[in-house]
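Peer 1: So the chains spell out like this:
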Amino acid sequence: MHISEGVLSAPVLLGGAALAVIGTAIGLRKTDQDKIMTVAILSAAFFIGSLVHVPIGPASAHLVLGGLLGVMLGWAAFPSILVALLLQAVLFQYGGLTTLGINTFNMAAPAVLCFFVFRPLLARGTTFRFTGAFACGFLAMLLSALLTAASLALSGDAFVPSAAALFAAHVPVMVVEGIITGFAYTFLAKVKPEALAAPIK
Amino acid sequence: MRRFALAACAALAALLLLTTAGHAHRVNLFAYVDGDTVVTESGYSRSSRVNHGTIEVYDAATGILLLTGTTDDQGRFAFPIPEPARGGAMALRLKLLAGEGHQTEWTIAAEELAATGQKTATPDSTPKSGPKSEPKPAPESAPAPDLAAPQSPLSDTAAQAQIEAQIDARIQTQVEATIRRELTPVKQMLAELSQAGPGMTEIVGGIGYIVGIFGILAFIKSRTRPKDRA
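Protein sequences, first through last, are from chains A and B. Position 176 of the first sequence, counted from 1, bears residue number 175 in numbering that gives the first Met the number 0, the numbering being contiguous throughout. Position 54 of the second sequence, counted from 1, bears residue number 53 in numbering that gives the first Met the number 0, the numbering being contiguous throughout.
There could be a bad hint or two in this list.
[As the list claims (entries may be wrong)] Using 30 Å as the maximum straight-line C-alpha spacing, the simulated DSSO-like pairs for lysine-lysine come out as follows:
id	chain 1	residue 1	chain 2	residue 2
1	A	K191	A	K29
2	A	K191	B	K220
3	A	K34	A	K191
4	B	K94	B	K186
5	B	K220	A	K34
6	A	K189	A	K34
7	A	K29	B	K220
8	B	K220	A	K189
9	A	K189	A	K29
[To be verified] Here are some chain B residues pointing at chain A (derived, C-beta under 10 Å):
id	residue
10	H101
11	Q102
12	E163
13	Y208
14	G214
15	S221
Keep in mind the hints are simulated off the structure, nothing from the lab. By construction, the Cβ of each residue, glycine as well, lies at the ideal position given by its N, Cα and C atoms.
With the rest of the complex left out, here is chain A (with noise of 0.2 Å):
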């Protein structure tokens, strides 16, 4: 799901990069010293996931990861996503330097939004803690595919192939991403609930 430089319209880039900018903005004011820690470490695993690679149909998806930082940082997987895709583009040639900016809102904004969407679910017992956190790592990668094909749509690709073609690839990674995201967040809130961005009751 990391777009291509070249791929993409001036317009789109130019989007992308300044709602990028505002996450990131949004994220560093929320981030206070404590949780920093926190941030660089889930921006590692970002930066590390997308190196487990699943072969599917002509495409390779790749662990995301987008929803187990959402539920664990908020705002704060801005700046930590931002930062691994920086490297990711630097170091592995994943995505590049003109698209950082598109490709941070689409793995970031879905990520923030099943957390605030799913937060009161996360609050609450157990088995509820897990349905939220895997619905929030299934949904944010849904939604990071259908952000990536409207992207393209914005560039001139047609929406629906390219949104199938994502859907598509990327189900068995979803299905895999919900049940990490599920297990990481119901541990952490047994073993280390201040390391979590909503507060376990």
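With the hints as your guide, set chain B onto chain A.
Peer 2: Coordinates of chain B only, in the frame set by chain A:
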């Protein structure tokens, strides 16, 4: 003062990043000339191939689309060198569209195509009359010189020269065939090397960068915090 130095360092580091990542992309395309065909290999990082990706071949100078093709399960696509590009007349720009926002390019330089002859009109007669060579001008008069030459009672020197030219041409084609055969594995190896995914260096380096970046962030926050409170 120290903060200024820090900001300057960060800006310099950012500048460095910008220069090194001029051509960043995630899918890989590698192409080489093999005789009269161009072989392309497409892959994502780490051994997964681009199957059924679209390859578009352009004239690098004018941007005219020459042909398109689809990669097979191995991410390979081979095509005969297009007519106008033979003999190194132009460089070819290959564009791989792997779908879903993945695309990359590869350029085959004109020099690489220079060894491929102008389109052979009679590819079956002698083993390739093509490769641009010196003997080419001589046998233009004789379409099937092998049989015709010895019988015609021309002057001895002329016949001799013709035979020598034929032998030269034959040796050349054989040498070319051998070299091509020997080089094929090397070219494949190069293709594989060019598609190697991120190694341990990049991964560990990246984590180091993350630690550093957030370390700087923590440092900045720790310095501004007391001031806010004060």
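Peer 1: Work down the list of hints and note, for each, if the structure agrees.
Peer 2: Going through the hints against the structure:
no.: 1; hint: K191(A) x K29(A); in the structure: 20 Å, holds
no.: 2; hint: K191(A) x K220(B); in the structure: 23 Å, holds
no.: 3; hint: K34(A) x K191(A); in the structure: 13 Å, holds
no.: 4; hint: K94(B) x K186(B); in the structure: 20 Å, holds
no.: 5; hint: K220(B) x K34(A); in the structure: 11 Å, holds
no.: 6; hint: K189(A) x K34(A); in the structure: 18 Å, holds
no.: 7; hint: K29(A) x K220(B); in the structure: 12 Å, holds
no.: 8; hint: K220(B) x K189(A); in the structure: 29 Å, holds
no.: 9; hint: K189(A) x K29(A); in the structure: 24 Å, holds
no.: 10; hint: H101; in the structure: 5 Å, holds
no.: 11; hint: Q102; in the structure: 5 Å, holds
no.: 12; hint: E163; in the structure: 53 Å, violated
no.: 13; hint: Y208; in the structure: 5 Å, holds
no.: 14; hint: G214; in the structure: 8 Å, holds
no.: 15; hint: S221; in the structure: 6 Å, holds
Violated hint: 12 only; the structure is consistent with all others.
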